[in-house]
Amino acid sequence: MATVDIRKVEKSYGPAKVLHGVDLEIRHGEFAVILGPSGCGKSTLLRMIAGLEEITGGEIAIDGRVVNRLEPRERDIAMVFQNYALYPHMSVAENMSYSLRIAHAPKQTIRDKVAGVAGILGIGDFLARKPTQLSGGQRQRVAMGRAIIREPKVFLFDEPLSNLDAKLRHQMRTELKRLHLRLDATSILVTHDQVEAMSLANRLIVMNAGRVEQVGTPGEVYARPATLFVAGFIGSLPMNFFKGKVADDGRSLSLDGGAALAGEGAQIGPPDREVVVGVRPDALALAPSTAGGLGGRVELVEDLGSVKLVHLDDGRDGFVVAAPPDTELGEATEHGVKVRAKDLHLFDAASGRRL
Amino acid sequence: MIERTPWLDLVCHILLIAGVVAVCLPLYYALIAATHTLPDVLQVPMPLTPGNELWTNLKTAMARGDLGRQLVNSLIVSVGVTVGKIALSILSAFAITYFRFPFRMTAFWLIFATLMLPIEVRIVPTYAVAAHPLQGLGWLLDQTGLRGPLESLTGWNVEAVVKWSLLDSYAGLILPLMASATATFLFRQLFLTIPEELLEAAKIDGASPMRFLIDVLWPMSRTNVVALTVILFVFGWNQYLWPLLITTEASMTTAVIGLSKQISAAPEAVPKWNTLMAGALLITLPPVMVVVALQRWFVKGLVDSEK
Chain A
1 MATVDIRKVE
11 KSYGPAKVLH
21 GVDLEIRHGE
31 FAVILGPSGC
41 GKSTLLRMIA
51 GLEEITGGEI
61 AIDGRVVNRL
71 EPRERDIAMV
81 FQNYALYPHM
91 SVAENMSYSL
101 RIAHAPKQTI
111 RDKVAGVAGI
121 LGIGDFLARK
131 PTQLSGGQRQ
141 RVAMGRAIIR
151 EPKVFLFDEP
161 LSNLDAKLRH
171 QMRTELKRLH
181 LRLDATSILV
191 THDQVEAMSL
201 ANRLIVMNAG
211 RVEQVGTPGE
221 VYARPATLFV
231 AGFIGSLPMN
241 FFKGKVADDG
251 RSLSLDGGAA
261 LAGEGAQIGP
271 PDREVVVGVR
281 PDALALAPST
291 AGGLGGRVEL
301 VEDLGSVKLV
311 HLDDGRDGFV
321 VAAPPDTELG
331 EATEHGVKVR
341 AKDLHLFDAA
351 SGRRL
Chain B
1 MIERTPWLDL
11 VCHILLIAGV
21 VAVCLPLYYA
31 LIAATHTLPD
41 VLQVPMPLTP
51 GNELWTNLKT
61 AMARGDLGRQ
71 LVNSLIVSVG
81 VTVGKIALSI
91 LSAFAITYFR
101 FPFRMTAFWL
111 IFATLMLPIE
121 VRIVPTYAVA
131 AHPLQGLGWL
141 LDQTGLRGPL
151 ESLTGWNVEA
161 VVKWSLLDSY
171 AGLILPLMAS
181 ATATFLFRQL
191 FLTIPEELLE
201 AAKIDGASPM
211 RFLIDVLWPM
221 SRTNVVALTV
231 ILFVFGWNQY
241 LWPLLITTEA
251 SMTTAVIGLS
261 KQISAAPEAV
271 PKWNTLMAGA
281 LLITLPPVMV
291 VVALQRWFVK
301 GLVDSEK
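For the protein sequence lines, the chains are A and B, in the order given. Throughout the first sequence, residue numbering follows the UniProt record's numbering, covering 1 to 355 in sequence. Throughout the second sequence, residue numbering follows the UniProt record's numbering, covering 1 to 307 in sequence.
Keep in mind that a hint or two might mislead.
Stated by the list, open to error - Which residues of chain A face chain B? A few of them, derived with a C-beta cut under 7 angstroms, are:
#1 N68
#2 P72
#3 F81
#4 Y87
#5 Y98
#6 S99
#7 L100
#8 H104
#9 A128
#10 V307
The set of hints was computed from the structure by calculation and includes no laboratory data. C-beta: ideal position from N, C-alpha, C; glycine also.
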């Protein structure tokens, strides 16, 4: 049973602060994925858990034991690197068994374990090969094998799939998930790819600029983004944002530019508040143009096969509607859009927090 | 790319052939001279075709001036210098590249600066140190007044220790030549090209710094080590000034010194060029053998380069 507790962890490089007090609790058996844009501190956090970076402030505990002052080898973790970091002069078997050989495990044990792990990963045929003789996917498997063989309490993955091509990435993703279930281990994965994050995580941690923005299941984070940043970052189609103000009764919105959105009788937000409204493209439906409603002129259409992305020019920043693929649109025609009140995400204009 | 530049080609080839002649002709002369009797060699012009005295001359060369012993000395010194230089430079490059310690860059630049200081430049102070390495200790004991108490307490003969000398010893021949800025620099540059993730992976796998050096860096440096071995062995073998200075006993003379002493042994007599050249051939043989033997590994290392 391995948990990872991160308490008020900070990291500075000289005067530059990259982590501003991160608090996280990762439970046993969880597949925690830390998602964020590059430079948000996610890799730094992972490397601090691994013991490759010093912890400037706060505490990290693995399985209840504070590891701040422990060497990586004493932390009972294994890490898979983005570029695999296989030892180029060692064969696959030697690469995988290096940690065991350092620990002076008996030869027979090493052979059995290598065979076992190679069986799990399907790399039994390459054991005598050097890393240069392997394809990207095979190297990735060897790197995973090197981690698995140690039977660590926690697996750390630093963007493990980003060096693979799209098809292989998808395949390895499902394999990674299957492996996690099979090993019943605690895993922490860092990525900037939200599809990867959503598909692997049972807990998604979204980070930005050295802070945790939101923690939750992928479904929760998608359905109820806690901040403007999360709303804009999660979702394969970027969310549309409109600035506006909630009416005095809290039941309708007036957007900058004149359009109004009605709350269908229900309370949609705190009265008389400057807000940013977020709507996902697939929550919008094209409708006949109406005076005073949200709408615009068709600027361009992206036909993705399963969906048509209609870019509407509303005279301001413009927005995107995901329309069914059979939609026929005239060029530069005016269209209105319909949206249900429950699909509106309201954020405080000043703080960016969800209302 | 296919280019047709006949005139440029011609000029280049003439230059190259001239270079080859300049390098090979003296060697050819040495070879020819080693195959004739002394009167033949002293003819003007010297014969340009091989004679049949090679075997006799080689035997004479081996017998004269204790060449066998000198070859062994040279071998010990060259191997010592080569192994020492590689061990020392790989360790210092490892320290400078992978450890953070105060004045790390100062240490690096100090080493780098000595690139410009060959042994010839520092030969007088180096000789002084090699003659009495522990003289400083004696001075220190005298200044602090600790010599008397130390001698009476431990029964050590401080004077004997201070008088200890490296002259006429293998250590004296080898140690001052061991520090190598060039090799340290080469290893440092090599280590800098090794991805940092390898170090991190090794750390996570539980490797101590020395394990990382032995298990990862050393195998990855093999090509460089082989190339350096060739260069350093030849460097050690061809040392002239330092062995000349530090050895006085005939039993410690190296082959190169021994040969040159034979030339100047009897100034009024004519040097026996035929046996001298035969000796020169014998002395050239070990470096050539090292080059030939390691050439294969050198090329092999380059071919299955693992980066």
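Here is what the structure says about each hint:
1. N68: At 16 angstroms from the nearest chain B Cβ, A/N68 fails the 7 angstroms test, so the hint is violated.
2. P72: With Cβ-Cβ at 5 angstroms, under 7 angstroms, it holds.
3. F81: Given a least distance of 5 angstroms, the restraint on A/F81 holds.
4. Y87: Because about 6 angstroms separates A/Y87 from the closest Cβ in chain B, which is inside the 7 angstroms limit, the hint holds.
5. Y98: Result: holds, 5 angstroms to nearest chain B Cβ.
6. S99: Constraint on A/S99 satisfied, holds at 4 angstroms.
7. L100: violated (9 angstroms)
8. H104: violated (11 angstroms)
9. A128: With Cβ-Cβ at 15 angstroms, over 7 angstroms, it is violated.
10. V307: Constraint on A/V307 not satisfied, violated at 40 angstroms.
Violated hints, listed in ascending order, are 1, 7, 8, 9 and 10; each of the other numbered hints is respected by the structure.
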